[in-house]
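Number of protein chains: 2
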Amino acid sequence: MNTEEKRPLILISNDDGIDAPGIRSLIDFVSDMGDVWVVAPATVQSGKGHAITLDGIIKVEEVAPRNGSVVEYRCYGTPADCVKIAKNELLPRIPDICLSGINHGSNASINVIYSGTMAAVIEAGVEGIPAVGFSLCDMDWDSPMEQLREYVRLITRNALEKRLPAHTVLNVNFPTGEIKGIKVCRQAATRWEKEFEKRENPRGGNYYWMVGHPICMETGEDTDHWALSHGYVSVVPTTYDLTAHRSIEMIEAWEL
Amino acid sequence: MNTEEKRPLILISNDDGIDAPGIRSLIDFVSDMGDVWVVAPATVQSGKGHAITLDGIIKVEEVAPRNGSVVEYRCYGTPADCVKIAKNELLPRIPDICLSGINHGSNASINVIYSGTMAAVIEAGVEGIPAVGFSLCDMDWDSPMEQLREYVRLITRNALEKRLPAHTVLNVNFPTGEIKGIKVCRQAATRWEKEFEKRENPRGGNYYWMVGHPICMETGEDTDHWALSHGYVSVVPTTYDLTAHRSIEMIEAWEL
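Protein sequences, first through last, are from chains G and H. Heads up, the first sequence is in the numbering used here, so the first residue is 20 and it goes up one at a time. Heads up, the second sequence is in the numbering used here, so the first residue is 20 and it goes up one at a time.
A couple of the hints might just be wrong.
Each computed EDC-like pair below joins lysine to aspartate or glutamate, with the alpha-carbon atoms no more than 20 Å apart [unchecked claim]: (1) G:K181 to G:D54; (2) H:K213 to G:E108; (3) G:K181 to H:E271; (4) H:K217 to G:E108; (5) G:K217 to H:E81; (6) G:K199 to H:E274; (7) H:K25 to H:D51; (8) G:K213 to H:E108; (9) G:K181 to H:E268; (10) G:K217 to H:D74; (11) G:K199 to G:D241; (12) H:K199 to H:E169; (13) H:K213 to G:D74; (14) H:K181 to H:E169; (15) G:K217 to H:E108; (16) G:K78 to H:E219; (17) G:K78 to G:E108; (18) G:K25 to G:E180; (19) G:K181 to H:E274; (20) G:K78 to H:E214; (21) H:K78 to G:E214; (22) H:K213 to G:E146; (23) H:K199 to G:E274; (24) G:K213 to H:E146; (25) G:K199 to H:E271; (26) H:K199 to G:E271; (27) H:K78 to G:E216; (28) H:K181 to G:E274; (29) H:K78 to G:E219; (30) G:K217 to H:E80; (31) H:K181 to G:E271; (32) H:K217 to G:E81; (33) G:K78 to H:E216; (34) H:K217 to G:E80; (35) H:K217 to G:D74; (36) H:K181 to G:E268; (37) G:K181 to G:D115.
Because the hints were derived from the structure by calculation, they are not lab data.
Whole structure, please, built from the sequences with the hints as guidance.
This is how it looks when you write it as structure tokens:
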């Protein structure tokens with residue numbers, strides 16, 4: 020095996036689309052750590068959760084590599100589609116790691132379940148590929164990201180070298196402002212409030228826009244919400260085994 | 020409080036759409052157990068996962084109640100949209116339970132992460148509403164469902180009376196053929212194989228259809244896969260806390 024063959028194969032995706040500044044930063048940050056293949060959505064896929072395309076076709080176009088990537092594909096599908104098609108149809112071999120982001124906006128706390136960024140990560144995890152999602156808690160696409168470079172590299176290097184526990188991927192969120200350090204934490208219980216704005220249709224009837232804001236239900240220092248609101252990077256080990264293991268006994272007691 | 024006010028408010032949704040036979044069966048099965056309000060997608064939303072509509076408007080139409088429902092709304096959105104808009108805008112009060120399904124096809128094992136049926140259930144769970152998703156492991160919309168009636172009623176009655184553990188909803192799947200009983204179990208590790216069919220575009224280039232089939236990676240008697248393949252109804256207590264709690268210590272050992 021020559022030196023080139025030993026370079027890790029890094030798959031990069033996101034949910035803001037292949038032209039978003041966040042994915043360009045992510046590619047740039049890790050481009051010397053391996054061969055970067057990009058398979059990312061053609062269009063913005065925010066809030067698409069773990070949707071996959073069952074009701075139509077998926078088109079993929081190879082596009083010119085940019086800022087350190089080896090190959091890039093624009094995929095007319097969801098983030099989960101991107102990872103599935105990358106692994107099954109496009110990549111030369113199983114990637115050593117899948118990175119997703121850097122998302123423009125938080126994927127901490129309950130946001131993880133709506134997140135296309137994390138769907139790409141979870142899809143890779145299901146396939147046994149180490150995977151990390153990165154998000155910056157700022158929805159402004161012009162927000163600077165250079166201050167995240169060393170953190171992205173540190174976490175990626177660790178995930179590549181030390182692997183990840185079984186059925187586990189990482190959900191990394193960056194606070195705005197100065198970064199004090201990194202906290203490994205759990206997902207805070209959160210819910211959204213005032214979720215809809217109702218408007219009148221000029222042709223009659225009403226329609227809705229989803230708006231609202233998240234309310235954190237707990238303040239524990241072991242939560243991602245606490246870490247982020249105190250200037251720390253939150254790293255939540257995240258799983259796709261949705262079993263509420265601790266509840267099995269209680270449901271068994273129903274004697275169904 | 021008069022008797023009528025004491026009747027439970029039952030919210031019903033699904034991902035196969037408001038006209039699917041499965042949701043009509045579900046409404047019929049529980050219509051005497053409370054006041055049934057239906058808020059379900061206008062169109063088939065299979066595989067839409069926990070997608071929410073952020074990039075457009077959500078329209079809702081009231082339609083005539085059928086087979087035991089009190090009110091029905093057709094929602095031009097995803098299953099998660101349906102539950103959000105039901106709870107925030109349409110229902111007279113917080114429902115006592117949210118039921119989803121009966122899905123035409125399995126939502127057991129890893130399918131739970133792609134499932135619109137379970138997204139409705141999880142969305143209700145996040146709002147603190149007891150919630151149960153029902154799926155029949157048969158994709159044929161003509162498949163009979165009458166044999167599920169007593170099981171749906173038993174599980175719904177228990178969920179209403181005994182409530183559910185914190186941060187827990189139920190993912191109930193029914194086997195095809197004769198039912199031997201009910202098993203409370205965990206989600207089996209599964210992955211999909213041969214996921215794409217590649218076709219040539221008559222105008223040049225290629226496109227893909229998502230196809231494939233699930234491969235179960237484990238055979239434990241405590242899994243939903245085992246229960247279903249041995250003729251049992253699988254009941255998996257399911258959570259939306261995606262934290263891999265058992266992995267926190269291992270990631271902390273990275274000393275980031």
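Structure-based check of each hint:
| no. | hint | verdict |
| --- | --- | --- |
| 1 | G:K181 to G:D54 | holds (19 Å) |
| 2 | H:K213 to G:E108 | holds (10 Å) |
| 3 | G:K181 to H:E271 | holds (12 Å) |
| 4 | H:K217 to G:E108 | holds (9 Å) |
| 5 | G:K217 to H:E81 | holds (16 Å) |
| 6 | G:K199 to H:E274 | holds (15 Å) |
| 7 | H:K25 to H:D51 | holds (13 Å) |
| 8 | G:K213 to H:E108 | holds (10 Å) |
| 9 | G:K181 to H:E268 | holds (14 Å) |
| 10 | G:K217 to H:D74 | holds (15 Å) |
| 11 | G:K199 to G:D241 | holds (16 Å) |
| 12 | H:K199 to H:E169 | holds (13 Å) |
| 13 | H:K213 to G:D74 | holds (18 Å) |
| 14 | H:K181 to H:E169 | holds (18 Å) |
| 15 | G:K217 to H:E108 | holds (9 Å) |
| 16 | G:K78 to H:E219 | holds (11 Å) |
| 17 | G:K78 to G:E108 | holds (12 Å) |
| 18 | G:K25 to G:E180 | holds (13 Å) |
| 19 | G:K181 to H:E274 | holds (12 Å) |
| 20 | G:K78 to H:E214 | holds (15 Å) |
| 21 | H:K78 to G:E214 | holds (15 Å) |
| 22 | H:K213 to G:E146 | holds (13 Å) |
| 23 | H:K199 to G:E274 | holds (15 Å) |
| 24 | G:K213 to H:E146 | holds (13 Å) |
| 25 | G:K199 to H:E271 | holds (16 Å) |
| 26 | H:K199 to G:E271 | holds (16 Å) |
| 27 | H:K78 to G:E216 | holds (12 Å) |
| 28 | H:K181 to G:E274 | holds (12 Å) |
| 29 | H:K78 to G:E219 | holds (11 Å) |
| 30 | G:K217 to H:E80 | holds (14 Å) |
| 31 | H:K181 to G:E271 | holds (12 Å) |
| 32 | H:K217 to G:E81 | holds (16 Å) |
| 33 | G:K78 to H:E216 | holds (12 Å) |
| 34 | H:K217 to G:E80 | holds (14 Å) |
| 35 | H:K217 to G:D74 | holds (15 Å) |
| 36 | H:K181 to G:E268 | holds (14 Å) |
| 37 | G:K181 to G:D115 | holds (12 Å) |
The structure shown violates none of the earlier numbered hints.
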